[in-house]
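**Student:** Sequence:
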Amino acid sequence: MPKFKNEYGVSKIKYTQKCRCFCPIGKADYTNNFTVTITPKKWIPDYCEIDKFIREQLDGKSLVIEDAACKLKQWLTGEIHPYWVEVESDVTDGVHGHVTVTV
1 MPKFKNEYGV SKIKYTQKCR CFCPIGKADY TNNFTVTITP KKWIPDYCEI
51 DKFIREQLDG KSLVIEDAAC KLKQWLTGEI HPYWVEVESD VTDGVHGHVT
101 VTV
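Numbering (this note's numbering), first residue to last: 1 to 103.
Quick caveat, the hints were computed from the structure, so don't treat them as lab data.
Please note that the accuracy of each hint is not assured.
[As the list claims (entries may be wrong)] Simulated crosslink set (DSSO-like; lysine-lysine; CA at most 30 Å straight-line):
#, residue 1, residue 2
1, K3, K73
2, K71, K12
3, K5, K73
4, K52, K5
5, K5, K42
6, K71, K5
7, K42, K3
8, K73, K14
9, K3, K41
10, K3, K52
11, K12, K52
12, K3, K61
13, K52, K71
14, K71, K3
15, K27, K41
16, K27, K73
17, K5, K27
18, K27, K3
19, K14, K52
20, K18, K73
21, K42, K18
22, K71, K27
23, K27, K12
24, K71, K61
25, K3, K14
26, K42, K12
27, K27, K42
28, K12, K41
Using the sequences plus the hints, can you model the full thing?
**Tutor:** This is the structure in structure tokens:
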């Protein structure tokens, strides 16, 4: 993934994005409203590449909320090696009540 050095002393990045998935348990589409919080170390991610990963690897896929959030976190951790990363998925349109999952 393209990335650039954290020469700016960035201490926190908050990134939001949405994607639609299909829940294999509820048998219905739902929207992940992702909020990603990153404490960068040496590298800052290319935000367009995060969009691309979500679009190509998560959007339209059959995944429960926890799987979608975990896959995004694992990919970010492997690509930019941050001090810390947290992925939150807020789902308000599932066949169940309002659910927020944080990994």
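**Student:** So, for every hint listed, does it hold in this structure?
**Tutor:** Status of the hints after comparison with the structure:
1. K3 to K73: holds, 16 Å
2. K71 to K12: holds, 21 Å
3. K5 to K73: holds, 20 Å
4. K52 to K5: It holds: about 20 Å lies between the C-alpha atoms, which stays within 30 Å.
5. K5 to K42: Holds, because 6 Å separates the two Cα atoms, which is no more than 30 Å.
6. K71 to K5: holds, 24 Å
7. K42 to K3: holds, 10 Å
8. K73 to K14: It holds: about 13 Å lies between the C-alpha atoms, which stays within 30 Å.
9. K3 to K41: holds, 12 Å
10. K3 to K52: holds, 14 Å
11. K12 to K52: It holds: about 21 Å lies between the C-alpha atoms, which stays within 30 Å.
12. K3 to K61: holds, 26 Å
13. K52 to K71: Measuring from Cα to Cα gives roughly 14 Å; hence the hint holds.
14. K71 to K3: holds, 19 Å
15. K27 to K41: violated, 40 Å
16. K27 to K73: Between K27 and K73 the Cα gap is close to 24 Å, so the pair holds against 30 Å.
17. K5 to K27: violated, 43 Å
18. K27 to K3: Answer violated: K27 to K3 is near 37 Å, above 30 Å.
19. K14 to K52: With Cα atoms ~17 Å apart, K14 and K52 stay inside 30 Å; holds.
20. K18 to K73: Given pair K18, K73 holds - Cα atoms ~15 Å apart, limit 30 Å.
21. K42 to K18: Judged against 30 Å, a Cα distance of about 27 Å means the pair holds.
22. K71 to K27: holds, 20 Å
23. K27 to K12: violated, 37 Å
24. K71 to K61: With Cα atoms ~12 Å apart, K71 and K61 stay inside 30 Å; holds.
25. K3 to K14: holds, 16 Å
26. K42 to K12: holds, 12 Å
27. K27 to K42: With a Cα-Cα distance of about 41 Å, the restraint between K27 and K42 is violated, given a limit of 30 Å.
28. K12 to K41: The given pair, whose Cα atoms are some 10 Å apart, holds under the 30 Å limit.
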